[in-house]
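There are 2 protein chains.
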Amino acid sequence: MLGRTLNTHQQWLCRRLADLGRVVSRQVAIPDTGPEIQQAVREALSRADLVVVTGGLGPTSDDITRELIAEMLGQPLVEDAQVLAHIEAFFAQRQRPMPARNQVQALVPAGARLLWNPHGTAPGLAMVVRPNPFRSGGGASWLVMLPGPPRELRPMFEAQVVPLLHAELPLTEAFVCRTLRTISIGESALQAQIADAMHPFTAQGLELGYCAKTGQVDVRLAAHGGAAAGVVAQAEKALRGLVGEAIFAEQFEELEAVVVRLLTARKQTLAVAESCTGGCLSHRLTNVPGASAVFQAGLVTYSNAAKQRFLGVRAETLAAHGAVSEAVVREMAEGARTANHADHALAVTGIAGPSGGTPEKPVGSVFLALASAAGTQVKHQVNAWDRETFKQATANQALEMLRRALLGMS
Amino acid sequence: MLGRTLNTHQQWLCRRLADLGRVVSRQVAIPDTGPEIQQAVREALSRADLVVVTGGLGPTSDDITRELIAEMLGQPLVEDAQVLAHIEAFFAQRQRPMPARNQVQALVPAGARLLWNPHGTAPGLAMVVRPNPFRSGGGASWLVMLPGPPRELRPMFEAQVVPLLHAELPLTEAFVCRTLRTISIGESALQAQIADAMHPFTAQGLELGYCAKTGQVDVRLAAHGGAAAGVVAQAEKALRGLVGEAIFAEQFEELEAVVVRLLTARKQTLAVAESCTGGCLSHRLTNVPGASAVFQAGLVTYSNAAKQRFLGVRAETLAAHGAVSEAVVREMAEGARTANHADHALAVTGIAGPSGGTPEKPVGSVFLALASAAGTQVKHQVNAWDRETFKQATANQALEMLRRALLGMS
Numbered sequence: 001m002l003g004r005t006l007n008t009h010q011q012w013l014c015r016r017l018a019d020l021g022r023v024v025s026r027q028v029a030i031p032d033t034g035p036e037i038q039q040a041v042r043e044a045l046s047r048a049d050l051v052v053v054t055g056g057l058g059p060t061s062d063d064i065t066r067e068l069i070a071e072m073l074g075q076p077l078v079e080d081a082q083v084l085a086h087i088e089a090f091f092a093q094r095q096r097p098m099p100a101r102n103q104v105q106a107l108v109p110a111g112a113r114l115l116w117n118p119h120g121t122a123p124g125l126a127m128v129v130r131p132n133p134f135r136s137g138g139g140a141s142w143l144v145m146l147p148g149p150p151r152e153l154r155p156m157f158e159a160q161v162v163p164l165l166h167a168e169l170p171l172t173e174a175f176v177c178r179t180l181r182t183i184s185i186g187e188s189a190l191q192a193q194i195a196d197a198m199h200p201f202t203a204q205g206l207e208l209g210y211c212a213k214t215g216q217v218d219v220r221l222a223a224h225g226g227a228a229a230g231v232v233a234q235a236e237k238a239l240r241g242l243v244g245e246a247i248f249a250e251q252f253e254e255l256e257a258v259v260v261r262l263l264t265a266r267k268q269t270l271a272v273a274e275s276c277t278g279g280c281l282s283h284r285l286t287n288v289p290g291a292s293a294v295f296q297a298g299l300v301t302y303s304n305a306a307k308q309r310f311l312g313v314r315a316e317t318l319a320a321h322g323a324v325s326e327a328v329v330r331e332m333a334e335g336a337r338t339a340n341h342a343d344h345a346l347a348v349t350g351i352a353g354p355s356g357g358t359p360e361k362p363v364g365s366v367f368l369a370l371a372s373a374a375g376t377q378v379k380h381q382v383n384a385w386d387r388e389t390f391k392q393a394t395a396n397q398a399l400e401m402l403r404r405a406l407l408g409m410s
Numbered sequence: 001m002l003g004r005t006l007n008t009h010q011q012w013l014c015r016r017l018a019d020l021g022r023v024v025s026r027q028v029a030i031p032d033t034g035p036e037i038q039q040a041v042r043e044a045l046s047r048a049d050l051v052v053v054t055g056g057l058g059p060t061s062d063d064i065t066r067e068l069i070a071e072m073l074g075q076p077l078v079e080d081a082q083v084l085a086h087i088e089a090f091f092a093q094r095q096r097p098m099p100a101r102n103q104v105q106a107l108v109p110a111g112a113r114l115l116w117n118p119h120g121t122a123p124g125l126a127m128v129v130r131p132n133p134f135r136s137g138g139g140a141s142w143l144v145m146l147p148g149p150p151r152e153l154r155p156m157f158e159a160q161v162v163p164l165l166h167a168e169l170p171l172t173e174a175f176v177c178r179t180l181r182t183i184s185i186g187e188s189a190l191q192a193q194i195a196d197a198m199h200p201f202t203a204q205g206l207e208l209g210y211c212a213k214t215g216q217v218d219v220r221l222a223a224h225g226g227a228a229a230g231v232v233a234q235a236e237k238a239l240r241g242l243v244g245e246a247i248f249a250e251q252f253e254e255l256e257a258v259v260v261r262l263l264t265a266r267k268q269t270l271a272v273a274e275s276c277t278g279g280c281l282s283h284r285l286t287n288v289p290g291a292s293a294v295f296q297a298g299l300v301t302y303s304n305a306a307k308q309r310f311l312g313v314r315a316e317t318l319a320a321h322g323a324v325s326e327a328v329v330r331e332m333a334e335g336a337r338t339a340n341h342a343d344h345a346l347a348v349t350g351i352a353g354p355s356g357g358t359p360e361k362p363v364g365s366v367f368l369a370l371a372s373a374a375g376t377q378v379k380h381q382v383n384a385w386d387r388e389t390f391k392q393a394t395a396n397q398a399l400e401m402l403r404r405a406l407l408g409m410s
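Protein chains in written order, with the numbering used here: chain A, 1 to 410; chain B, 1 to 410.
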């Protein structure tokens with residue numbers, strides 16, 4: 001609550017739960033004091049069939065969630081020998097002495113199920129509250145406590161909470177959800193293009209959702225009931241018929257991962273030459289595990305001297321057209337391809353801002369080029385965003401030029 | 001609640017409010033349906049002196065917050081001529097027709113104060129709920145509604161909400177808050193180093209907080225009351241005496257911004273040669289507005305061929321020591337410095353993982369070098385993190401080598 005940490009759990013858990021057909025009705029963040037934690041858990045148990053609590057399971061004095069919840073539910077804490085052995089083994093494997101305080105993590109509320117934690121010391125806990133004294137009618141609720149670190153929470157959710165939901169809180173009817181990731185079409189334009197074709201499916205119960213990011217729009221198709229799979233499949237088919245070329249991925253895959261995957265399958269290599277994106281394009285490509293098989297080099301040629309030295313851009317071209325020009329981006333891409341003996345080279349040059357614009361070339365102006373064996377193509381865009389958004393949007397456009405070329409789209 | 005958008009408002013608003021001496025007691029996210037919005041606002045008004053609502057002020061059919069809150073508080077919505085003129089001017093300036101739906105954004109609950117929006121169409125709104133029917137005792141609460149886009153919300157908060165808080169909800173006593181950003185010392189080690197020295201100040205009411213990020217720990221010093229300024233200043237002095245060299249910035253400044261600022265002041269230039277960080281270092285440096293004055297080029301030499309071609313790393317060095325070695329990182333830095341005629345060059349080579357490690361050089365092994373007029377220094381680290389954290393941690397270490405050199409630290 002001091003704003004020192006960005007809460008990524010909300011997005012991650014909401015996405016996973018929503019894609020499993022669960023309706024998330026509320027997310028609450030509170031200070032880690034006893035009354036606030038108990039009050040928030042009590043309110044959540046009064047409302048929901050499933051309450052997920054994150055954090056507060058560590059070994060330090062402000063990790064009090066386990067104790068407070070056991071107390072609230074009237075369950076004694078019992079030391080679990082298997083958990084203690086797991087914690088001891090965790091430290092032994094890392095050749096570090098086990099601090100005495102970590103022993104508290106082996107305490108388990110009576111009746112709780114253990115969720116094993118291969119990535120840390122604190123196990124997760126799952127308890128059914130039945131009868132539920134906080135809920136009018138007393139209907140049961142499940143209370144799931146997960147450790148705070150994302151690298152512990154996420155695999156635990158996938159491997160242990162998802163099966164628990166299927167077994168203990170089964171959906172009353174089938175649920176199907178597909179996300180198709182699109183690029184290059186704005187959210188309103190995309191809606192306008194597909195609205196009529198989607199109408200018959202929304203009439204049959206299709207839930208159609210959009211989420212716009214920088215230059216990308218995710219389309220979520222979901223449906224409940226016996227006909228769900230058919231409705232979603234037909235809606236996807238119609239969507240692909242209308243805007244298929246703009247769909248770059250399904251579910252979670254990022255554009256840079258798609259490009260690395262396509263290059264890897266074709267055994268082709270890539271070099272990039274960046275000016276205004278300043279390394280963003282190389283950074284994103286090299287975030288993909290295995291990128292080294294296809295990515296040879298990124299030349300972040302911010303200065304004109306560097307464009308000449310590393311890419312062979314000619315002084316006359318720079319003098320005649322300026323660094324932000326079709327002629328220069330073409331020489332950058334071709335120079336990067338030649339210097340690296342690469343199958344493909346991407347180049348970008350533009351004005352990221354906030355300063356440096358002119359009436360003729362305003363902030364956000366950018367030229368992009370792709371040089372391949374078949375020749376060089378150039379695009380011009382105006383990405384009038386703040387500096388960081390500009391870099392991401394421009395990197396998206398460059399990656400998309402390559403994706404389309406690799407798939408033989410015009 | 002579908003997990004399609006990351007909520008950054010919580011962190012940003014909590015940080016600003018906490019640093020202004022306000023205690024944030026709860027953050028709630030809800031679906032944008034009428035009953036959920038009204039219920040959540042009602043609960044918040046029953047608890048707090050200040051309730052901040054974000055989003056739902058747009059022109060589309062799911063932007064219903066304005067109407068719902070006016071209805072809940074029994075205030076009619078009245079079209080405001082000045083707001084309408086602002087919205088019309090906003091579209092006129094962009095040479096776009098004003099959609100009819102945007103007129104709804106000129107509706108203002110009777111008695112509300114307008115918070116002007118220079119970055120968008122929807123004004124913010126501030127209302128005092130007095131008497132407050134939702135609060136036991138009826139004590140007044142302020143309700144502030146802000147537009148959802150961060151580029152609209154943040155300047156509006158700074159320019160208009162902060163003065164409103166000072167005027168309408170003044171603190172009952174003085175409050176002082178300072179954040180000192182440290183690097184290279186782990187959170188526990190830092191606590192151990194400063195605990196004794198901080199004790200007299202915490203005894204005088206100093207609130208001492210830590211927030212650990214990748215390789216960095218922010219230390220927050222805060223105090224209330226007449227002696228607050230003195231206590232915080234003395235604690236800061238003591239902290240600087242103990243770990244002063246590790247303090248790289250105050251408040252919000254990022255490490256890359258510090259490095260660009262120091263280079264700019266010295267009129268010195270920088271080139272970087274990256275292998276395992278894959279462009280992350282260049283990307284971060286070029287996120288800083290004005291970086292082009294000091295940053296000449298980044299050579300992302302992922303392949304050995306690129307290390308030889310662009311940096312002049314010798315084939316014999318690669319063959320004798322391998323790409324991840326002290327000898328190679330030294331040649332990378334010196335090669336980047338020479339090729340770019342730069343005052344300084346940073347180089348990194350390592351194993352980002354998840355694969356590629358050996359028993360001798362495990363995943364996370366990295367060599368860093370800084371070449372300057374005075375010579376070349378090399379460091380070895382093992383950053384055993386996931387791939388993206390590895391890249392950020394390594395970039396931090398490289399930037400820190402340069403910061404220390406620029407400030408004449410050993």
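There's no promise every hint is true.
In silico DSBU-like links for lysine-lysine, alpha-carbon gap of 30 Å or less [to be verified]: (1) A:Lys-213 / B:Lys-379; (2) A:Lys-213 / A:Lys-237; (3) A:Lys-267 / B:Lys-379; (4) A:Lys-361 / B:Lys-361; (5) B:Lys-361 / B:Lys-237; (6) A:Lys-379 / A:Lys-213; (7) A:Lys-361 / A:Lys-379; (8) B:Lys-379 / B:Lys-267; (9) A:Lys-361 / A:Lys-213.
Hints listed in this document are in silico derivations from the structure and should not be mistaken for laboratory results.
Hints, one by one, checked against the model:
Taking the CA atoms of Lys-213 of chain A and Lys-379 of chain B, the gap is about 39 Å. The hint is violated against a cut of 30 Å. The hinted pair formed by Lys-213 of chain A and Lys-237 of chain A meets the criterion: a straight-line CA distance of about 23 Å does not exceed 30 Å. Distance check on the hinted pair: Lys-267 of chain A and Lys-379 of chain B sit about 35 Å apart at the alpha-carbon level, beyond 30 Å; violated. Between the alpha carbons of Lys-361 of chain A and Lys-361 of chain B the distance comes to roughly 49 Å, so the proposed pair goes past 30 Å and is violated.
A hinted pair counts as satisfied when its Cα atoms are at most 30 Å apart, and Lys-361 of chain B with Lys-237 of chain B does not qualify at roughly 41 Å. This hinted pair checks out: Lys-379 of chain A and Lys-213 of chain A have alpha carbons roughly 21 Å apart, not beyond 30 Å. Simply put, Lys-361 of chain A and Lys-379 of chain A have alpha-carbon atoms about 15 Å apart, close enough for the 30 Å limit, and the pair holds. For the hint pairing Lys-379 of chain B with Lys-267 of chain B, the CA-to-CA distance comes to about 26 Å; that is within 30 Å, so the pair holds.
For the suggested pair Lys-361 of chain A and Lys-213 of chain A, the alpha carbons sit about 25 Å apart, so the restraint of at most 30 Å is met.
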